[in-house]
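Undergrad: These protein sequence lines are chains L, U and W, in that order. Under the numbering used here, think of the first position of the first sequence as 1, with each following residue one higher. Under the numbering used here, think of the first position of the second sequence as 317, with each following residue one higher. Under the numbering used here, think of the first position of the third sequence as 483, with each following residue one higher.
Hints were generated in silico from the structure; no laboratory data involved. Watch out, some of these pointers could steer you wrong.
Now the in silico label distances, taken between C-beta atoms and shown as ranges [claimed, not checked]:
1. L:ARG77 <-> U:VAL426: 43 to 49 Å
2. U:LEU335 <-> L:LEU255: 46 to 52 Å
3. L:ILE224 <-> W:ARG504: 37 to 43 Å
None of the values given here were measured: they were computed from a predicted structure. We put the CB at the ideal spot given by N, CA and C, even for glycine.
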Amino acid sequence: MTGFVGGAVYGLAGGLVIAVAALFGVWWERKVSARIQMRLGPTEIGPAGLFQTLADTIKLVLKEDITPRQVDRPLFRMAPLLVFTPIAMSLVVIPFAGGWVPLNTSVGMLFFVAVPSVSVIGVLLAGFSSGNTYATLGGLRGAAQMISYELPRTLSVLAMALLAGSLAPLEVMNRYEWWWTPATFIALIVYFISSIAELNRGPFDIPEAESELVAGYFADYSGIRWAIFMMSEYGGLVAASFFGAAIFMGGAQGLPGVFGVLLIFAKALVLITLMMLVKWTFPRFRSDQLLTLAWKVLTPMALVQLVIVGVILPWL
Amino acid sequence: MSFDAPTIVQIILGAIALLSAMTVVLVREIMRMAIGLGVFLLSVAGLFLLYGASFLATSEVFVYVGGVLVLMLFAIMLVQRSDSGRAVLVSRHDIGSASVALGLFVMLTVALQGVSNRFTGSAPESSMQELSEVLMGGRLVQYEIAGLLLLVALVAVIVIAGGDER
Amino acid sequence: MIGVLVSVAVFCIGVYGVLTRRDIVGVLASIEVMLAGSMLALVAMASGADSVTGVRPLGQSIEAVVLLLMVIDAAEAAVGLALLVSVARRRGVTRIDELQEVKG
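So that you can see chain L by itself, here it is in the shape it has in the complex (with noise of 0.2 Å):
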């Protein structure tokens, strides 16, 4: 029963990790806009409020639980957890350090792109149950950009599969050499705006826009379970830098033990900063320029890296 056990205690750890996560990201993504506006961001609880989400937070989970009445009850409680649930799952795959990966599988990239994908259903459901045009648009639109954005993530976390030769992200990370960042650069660039865009954040929040589809699939939404979207959209944010650190810039690879996570957190950090300057610095993207860019740019550009990899491959 230790499996059972053990899983438990990692699935905990994850949620925790997820939450401490969330929540830090929100203060960081604060600060980060603040500065880029001007602006101070949140000052008052906490050294540089850095406890002003916990607040937000104890406000949002004390506020009533309001499900509207015209909605279809079940599915809308559901939803917003089928987001969640597969954006925490896929951190338990993310190496942090040498032992320290929680669940080592020989398809641990496969596991990482492919879960996250079942929270496209959570997102729909979320539009559809809702039972307004609004969300129902916001909905369809979140899902086609989710599954179309899909594609190029996967070709580019293929790349680097195909150049460490296996799909393990542990061996991916433990075979990293200097000059694969180069070599991979162009599936790196993939790999990140197509994170972006896989979570809806700006400038690809098209679905779930204010001014165009007043908050799209979620317009619903409020309270704790409103505050479920959040956390996985920053939970996903994490997973995707960590993996991104992991996969595509040698992780922790180089120092031992606990300098090493400190490496890749630094390494993560500078994504998360990179992925927020993207969204406070860039207009949003028009639907149809968004499937456009997934479909005739980045999926091109990932095609060439694989050709690229390949063209490598045999003088290693």
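With chain L fixed as given, assemble chains U and W onto it according to the hints.
TA: For chains U and W alone, kept in the frame of chain L given last:
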């Protein structure tokens, strides 16, 4: 039969698979049916994982839950308007169909009596290396044909679903 | 034996669904159930190490076959759903028993 942990998990997953398959077949409301299908596919993926086929389990989640089911939900939401208000979806031939299904079940069970399932509880995780050697070695032709089939299907879908914009 | 039994039962449930459901999406979903049942049967029969030698008999080969099955199934589902959308757009029909124009 000993009731060790893998057997219990197997029974639980099997029960979930059966119940959700019944949901897919019997539930009238189309969105609930899609959810039932999702649960069914996930439980099948869980069984794959239990049997040591971790690559298949992950592909099942990727291809079916993330692909086919999403497509199905898209289709439902696209055609939903023309379908509202008529919920009588189960046919009158249900007794005949049930006897056909039951007969098939008895027949297949009897036919598969001789097949011994050697699942002893802990299946070793199959190695990606060997699987890829099989796919790229002995089954290369089938692999290529499957890729070609996917391409044809992709073109066909675009032509069929998007062709009436003239 | 549990896995094989479940797969057979699932397959037969799928058969019942294909025979009784009238909405096209339901029929397609039932076909998915049938195919998943057959895949499950293959994997269940190939699973588990031989009690004497400890090797998985034909494991990888069966997995490759199931993978190809998945590809075919995905293609089938995509084309089927495209047909559904096309028929629903042109005729406003989403039920099988209403598609009777070629019936003699």
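Undergrad: Each of the hints needs a verdict: does it hold here or not?
TA: Right, here's what the structure says about each hint:
1. L:ARG77 <-> U:VAL426: 43 to 49 Å: Taking Cβ atoms as reference, L:ARG77 and U:VAL426 lie about 45 Å apart, which means the hint holds.
2. U:LEU335 <-> L:LEU255: 46 to 52 Å: The hint (46 to 52 Å, Cβ to Cβ) holds, given that U:LEU335 and L:LEU255 are roughly 50 Å apart.
3. L:ILE224 <-> W:ARG504: 37 to 43 Å: 40 Å Cβ-Cβ, so the 37 to 43 Å window holds.
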